[in-house]
Amino acid sequence: MTVVIGYVPNQYGEAALHLGLQEAASRQLRVIVVNASRGDAFVDKKFVTEQALRDLDERLTATGVDHRVHQSAGVDVGDEIVRVAEQNHAELVVIGIRPRSPVGKVLMGSVAQTVIMDAPCPVLTVRPDVL
Amino acid sequence: MDTLNLLLDGFSNALTPQNLLYACIGVLLGTFVGVLPGIGPAMTVALLLPITYGLDATQSFIMFAGILYGGMYGGSTTSILLNTPGESSSVMTAIEGNKMAKAGRGAQALATAAIGSFIAGTIGTLLVAFFTPAIAEQAVKIGAASYFAIMLLSVVLVTSVLGESKLRGFIGLFIGLTIGLVGLDLSTGQPRLTAGMLELADGIDIVVVAVGVFAIGEALWTAAHLRRRPIEVIPVGQPFMRRDDWRRSWGPWLRGTAIGFPFGAVPAGGAETPTFLSYVLERRLQKPGKDQEQFGEGAIEGVAGPEAANNASAAGMFVPLLALGLPVTATAAVIIAAMRTYGIQPGPTLMADQPELVWTLLASLLIGNTLLLVINLPLAPLWARLLQIPRPQLYAGILFFASLGAYSVNQDPYDLALLLVFGGVGFAIRRFGIPVLPLILGVILGPLMEQKMREALDLSNGDISGLFNEPLAVFVYVLIVLVVVAPYVLGFIRSRRSAP
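Those sequence lines, one after another, are chains G and W.
Count the first sequence with my numbering and you get residues 2 to 132, in order.
Count the second sequence with my numbering and you get residues 471 to 970, in order.
By construction, these hints were calculated from the structure, which means they are not laboratory data.
Among the hints, a few may not be true.
[As the list claims (entries may be wrong)] Now the in silico label distances, taken between C-beta atoms and shown as ranges:
1. Leu852/W to Arg55/G: 46 to 56 Å
2. Gln881/W to Leu108/G: 22 to 32 Å
3. Ala694/W to His19/G: 53 to 63 Å
4. Pro100/G to Thr840/W: 54 to 64 Å
5. Tyr958/W to Arg55/G: 50 to 60 Å
We put the CB at the ideal spot given by N, CA and C, even for glycine.
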């Protein structure tokens, strides 16, 4: 059984990663870290660069948790997290959430909403300011 | 001195607060579209055409001039930071510029590109101001037969010299010429290629063709290739240059200008050849040893030279545009179309008919160039952030403006259907690698060529010799034959030599 963590290279992703690793350690679970991009803009700051991906992998190895990093481009990010969770029979999905305006949600959609509504397991959400 | 006075008059017209505002808008908009790959100045001017109907001609041309130079500048930003040239003319910049950015010298690369563009653009525009009146004066005397020959030379050069495939170039040209044929015959009034549709009798509005091919075509193409791996952008701070960078840049700037301007001015335009030549020249000029090794690893000369050549040829483009009414780039073609919608007849008489427009335009080119330097140098990090805009939202906006523009030409829903058709054409030519420039030149120059050919033939009562009875025309035809045949002959001789 696994914990799936939705990761982006900023404070929200870090919050999810931090909490996800805690949960994985206490429940004795594997960790899959997911990072994805729709790939419809030329540059996506939430897409982890190759170098940063290696650094992330090293950081996870240092914690001693059984882990895997999964990255994909050209997919809906929410759908991708749900898909990975289903495929690996996740026990828990952890994501970071950020304040959104209604207009922003209409225009850009919400990854968090997709994950919460569609995930095959409980979803743990966290804001960086509560950690 | 006369030229100088006229130019000063132009400045006093261009420097009114309102005109200055349009120059600012043009420059900012131009940089915006230049930064985004796939969207260029030609498409932007085409999209803005219908929106600028409410402005007077001078103001819209001031804005278009700003868009042209801004687009050039924006293209170099993308080349350097992303290694994806926004425009074909900044391909060479990407080679050294991106290497510089990766080595942490992105700020210097951006600075040398911006300052080089400014210097080349300023020198180029001044050369245009001093050369064009003389050329136009001679051009007025050219007869219809020679004028036809020169236009033919222009389309043949653009079609066969630029781009990898001559066949594809000529396919594009003939599609364009065919579109230009639609409508009533000039002298007999017979409908041609209208398929019995009354709406086509007036011909197809160039705005609809340009917007369809550039905007709708590009949007469809992007939609078909939407999802892909995001590229890593290289973070960059404020552009600046050290003393050493200045020392190494000024030579390439001037040499690039010298190479770029003639290429823009000859009716065989395009900035690809001069930027390439400038790059090669700068590499040759390096002292053997350490300096030369730096080429390919991020040499500032390799950015400074081609960027200057790029902008100088963009300026040079105005010589045939203003003196002969001949467009040599896609943007120039759309500007010609814009002149027609304002009822201004582009051609040798333009300088005499519309002195205020021409000189204000030239002055505003110089102003726009300065604005670019002042506005864009500090804004470079901000422009790089534009690349984070998701393309679905971006292209939705473009499609909206495209439809609005095509509809507003005649307030006729029929034009929207035509727009879709040309969008399909635009998609197809991208799919099959047919260059856009010959096509759009064909649409714009085709009817003009026909008109001149008809004039020449009417004078000779329909005898074909009417096309050859001027020495200049014969000379130009010889030139055309040479341009088309020479590469084959050279290739043949070379293969004969290497065969035994």
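Verification of the hints:
Range check, Leu852/W to Arg55/G: about 30 Å between beta-carbon atoms, so the 46 to 56 Å window is missed. In this structure the supplied range 22 to 32 Å holds for Gln881/W paired with Leu108/G, their Cβ-Cβ distance being about 31 Å. At roughly 41 Å, the beta-carbon separation of Ala694/W and His19/G lies outside the given 53 to 63 Å, and the hint is violated. The supplied range of 54 to 64 Å is broken by Pro100/G and Thr840/W, whose beta-carbon atoms lie about 42 Å from each other.
Under the hint 50 to 60 Å, the C-beta atoms of Tyr958/W and Arg55/G, about 53 Å apart, fit the expected range.
Of the numbered hints stated above, those contradicted by the structure are hints 1, 3 and 4, listed in ascending order.
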